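Asks: Join the two chains, each given in its own frame, into one complex according to the hints.
Which chain is which? The protein sequence lines are A and B, in order.
Going by the working numbering, 44 is the number at position 44 of the first sequence; the sequence numbering is gapless.
Going by the working numbering, 15 is the number at position 15 of the second sequence; the sequence numbering is gapless.
No lab work stands behind these hints, which were simulated from the structure alone.
Treat each hint with caution, since some may be false.
[Unchecked claim] Derived lysine to aspartate or glutamate pairs resembling EDC-like cross-links, with alpha carbons at most 20 Å apart:
no.	chain 1	residue 1	chain 2	residue 2
1	B	Lys99	B	Asp153
2	A	Lys90	B	Glu86
3	B	Lys148	A	Asp82
4	A	Lys86	B	Asp83
5	B	Lys158	A	Asp82
6	A	Lys86	B	Glu86
7	A	Lys86	A	Glu6
8	A	Lys89	B	Asp119
9	B	Lys99	B	Glu152
10	A	Lys11	A	Glu102
11	B	Lys158	B	Asp119
12	A	Lys90	B	Asp83
13	A	Lys86	A	Glu58
14	B	Lys99	B	Glu161
15	B	Lys95	A	Glu75
16	A	Lys86	B	Glu141
17	B	Lys148	B	Asp171
18	A	Lys86	B	Glu152
19	A	Lys89	A	Asp29
20	A	Lys89	B	Asp171
21	A	Lys55	B	Glu74
22	B	Lys131	B	Asp167
23	B	Lys131	B	Asp171
[As the list claims (entries may be wrong)] To give a feel for the contact side, a few chain B residues facing chain A, derived at Cβ under 8 Å:
no.	residue
24	Phe43
25	Ile79
26	Val87
27	Asn92
28	Gly100
29	Thr134
30	Glu152
Source: prediction; values computed, not measured.
The C-beta atom is built at its ideal place from N, Cα and C for all residues, glycine as well.
Spelled out from the first residue to the last, the chains are:
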Amino acid sequence: MSESSEVGTIKIANEVIEIIAKLAASEVDGVAGMSGSVVGGIAEMLKGKNKNLSKGVEVEAGEERASVNLSVIVEYGTSIPDIAWKIQKKVKQAIENMTGLEVEEINVKVQGVQFKDEIIEEEEEEEE
Amino acid sequence: MRAINRVILILITVIFMFLTILFSLYSFGMGGEEAIPSIIYEFYESWEFGLLFLILFVIGAWILYRLFNVGFREPFTRINQNDLGEVDITLNALKNLVKGIVTQQEGISDIRTKLGTDDSGVRILLRGKVKTKTIIPSLTEELQEMVKAYIEDTTGVKVSEVRVLIDDIFDEKGNKKKNENRE
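Bound conformation, chain B alone (with noise of 0.2 Å):
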């Protein structure tokens, strides 16, 4: 979902959970029997009143038109081209693919993906810990060359970059080093 349609529709729902919240009150016989009523007169021959729940109802049929013609697309990346048609794959798809491919690995654990995509293909972020004495350099490079080639391998998108970033480091036991140094 694109950013403005998320302020749009955080906007219509905090204006839907005041009016309801409002009602709600009203009707346990808060704020006065004549409160709700004498509001609703205040819009009466108010045009910038109708101007507003005007643009609101805009708004909202706004919503409902991208929902049901467009959709809230989940962001995708092309496969292919071909003569039949066209293939596409979701980034949570691919992010499915990259957790099982990562889980596959020694001394690398808790990982965290996270993808984009720009002209040049698909940038993929990976976060973890580490197993004590392993040899980072090395174990980051085999996973950079491991996760490029079976994306690529399956699934004919081309990966730009696959950036690897340890936050932590883990031992035999899985305990975090890094807490145990703290304490």
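Next comes chain A alone, as it looks inside the complex (with noise of 0.2 Å):
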């Protein structure tokens, strides 16, 4: 996305895009991280984007529009509907504050289910 002013041009790179789309998400109750597939992982890779700060975002963006894939880990026992309008609203207003874009859809896959046990096994491994 690149927006022209008196003094000169304002260039958005999709990745800023994609690491405000997910640190939205993330702020959601209920979701308990994003989820890249190891194919979305090497081709990542491949084409030089920093995994884990865009890992289960992919953003299409215009000069204008943009629209934003999040795949999306839940913690178990939360309403996904509820989770996933929450998700949508958030990124969208944050995307829209950010960077002046208009968001035209944000699309939420649920890929996996967390549990209580394996959010406190993580929370165990990240103090040690």
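Replies: Below, the structure is given as structure tokens:
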């Protein structure tokens, strides 16, 4: 995405939009994480993307509009339609506020479900 | 991954394995010094081999294209479509949800889950063992209702069928009754 002003041109890389989307989605209660497939990981590696920062996010951005595909892992016991709606709203708001782009669609794919004991295990591993 | 993709991938892998073992044996000095050069010489000015290698190249390129542009997508089902976009869930995620709920049911263990989709919704097949003295029809009915209600409430996905197959019995200590009888 690029924008011209009197003093010059502003360009926002797709990866930046992906990071904004990922951070916004991760803040939603009930989201355990983002999910990138092995194939997606290889593709991102070949494209030279920072895998961790934009994992599970695909952005197609034009001059004024963008669409986002998110792959998420949700916590067990949560209402998935509610979480998906919250993710869509939050990501749309974050991208539109920070970039000025109009977000046309945010597609959410739930790739996995994480159980509470898995979350506790992960937290313990991080502490170590 | 679709069946055709699997077949092509297996084919390419078998060819790759054959070539690598061939070159490996040649490198260890087996088959004679002129073995591989004489094979390669056979390819020269042979339109049949030229066509074969060209087809293999196209298949390889097609697989790469599928991998990076379309992706070997996991099967999924639609949860809903709203003003902001589509919401989908993979069958693998649904399977985990089913696993989470069925483990809470007493009297049944070692449950394996299979999922499929059709126009009427998601079909769930559960296979497991029940404890001795369990009233199987009431337990399975309870399980069916619990799974259907949970999946529909938490995901919004319509469950068209929950099939339960009891394939074994176990006692209080966890021993298999079927095996004991055989012994």
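Asks: For the pair supplied as a hint, Lys55(A) and Glu74(B), is the alpha-carbon distance within the 20 Å limit?
Replies: 17 Å, holds
Asks: Does Gly100(B) hold up as a contact with chain A if the rule is Cβ-Cβ below 8 Å?
Replies: Constraint on Gly100(B) satisfied, holds at 5 Å.
Asks: Does Asn92(B) hold up as a contact with chain A if the rule is Cβ-Cβ below 8 Å?
Replies: 7 Å, holds
Asks: Against the 20 Å threshold, does the CA-CA distance of Lys99(B) and Glu152(B) hold or violate the hint?
Replies: Given that 20 Å is the threshold and the Cα spacing comes to 15 Å, the pair holds.
Asks: Has the given pair, Lys95(B) with Glu75(A), been kept, meaning a C-alpha gap of at most 20 Å?
Replies: Holds, at about 14 Å.
Asks: Taking 20 Å as the top limit, are the C-alpha atoms of Lys86(A) and Glu86(B) close enough?
Replies: The given pair, whose Cα atoms are some 13 Å apart, holds under the 20 Å limit.
Asks: What's the verdict on Lys86(A) and Glu6(A), does the C-alpha distance respect the 20 Å limit or exceed it?
Replies: With Cα atoms ~37 Å apart, Lys86(A) and Glu6(A) exceed 20 Å; violated.
Asks: Please work out if Lys158(B) and Asp82(A) have their alpha carbons no farther apart than 20 Å.
Replies: OK: Lys158(B) and Asp82(A) at ~16 Å, within 20 Å.
Asks: Verify the interface restraint on Phe43(B): the C-beta must sit less than 8 Å from at least one C-beta of chain A.
Replies: Violated - the Cβ of Phe43(B) stays beyond 8 Å from chain A, reaching only about 31 Å at its closest.
Asks: For a C-alpha distance cap of 20 Å, please report whether Lys86(A) and Glu141(B) respect it.
Replies: Distance ~35 Å between Lys86(A) and Glu141(B) Cα, so the pair is violated.
Asks: Are the Cα atoms of Lys89(A) and Asp119(B) separated by 20 Å or less?
Replies: Violated, at roughly 29 Å.
Asks: Run the distance test for Lys89(A) versus Asp171(B): straight-line Cα separation, threshold 20 Å.
Replies: 51 Å, violated
Checked against the numbered hints given earlier, the structure breaks hints 7, 8, 16, 17, 20, 24, 29, 30 and satisfies all the rest.
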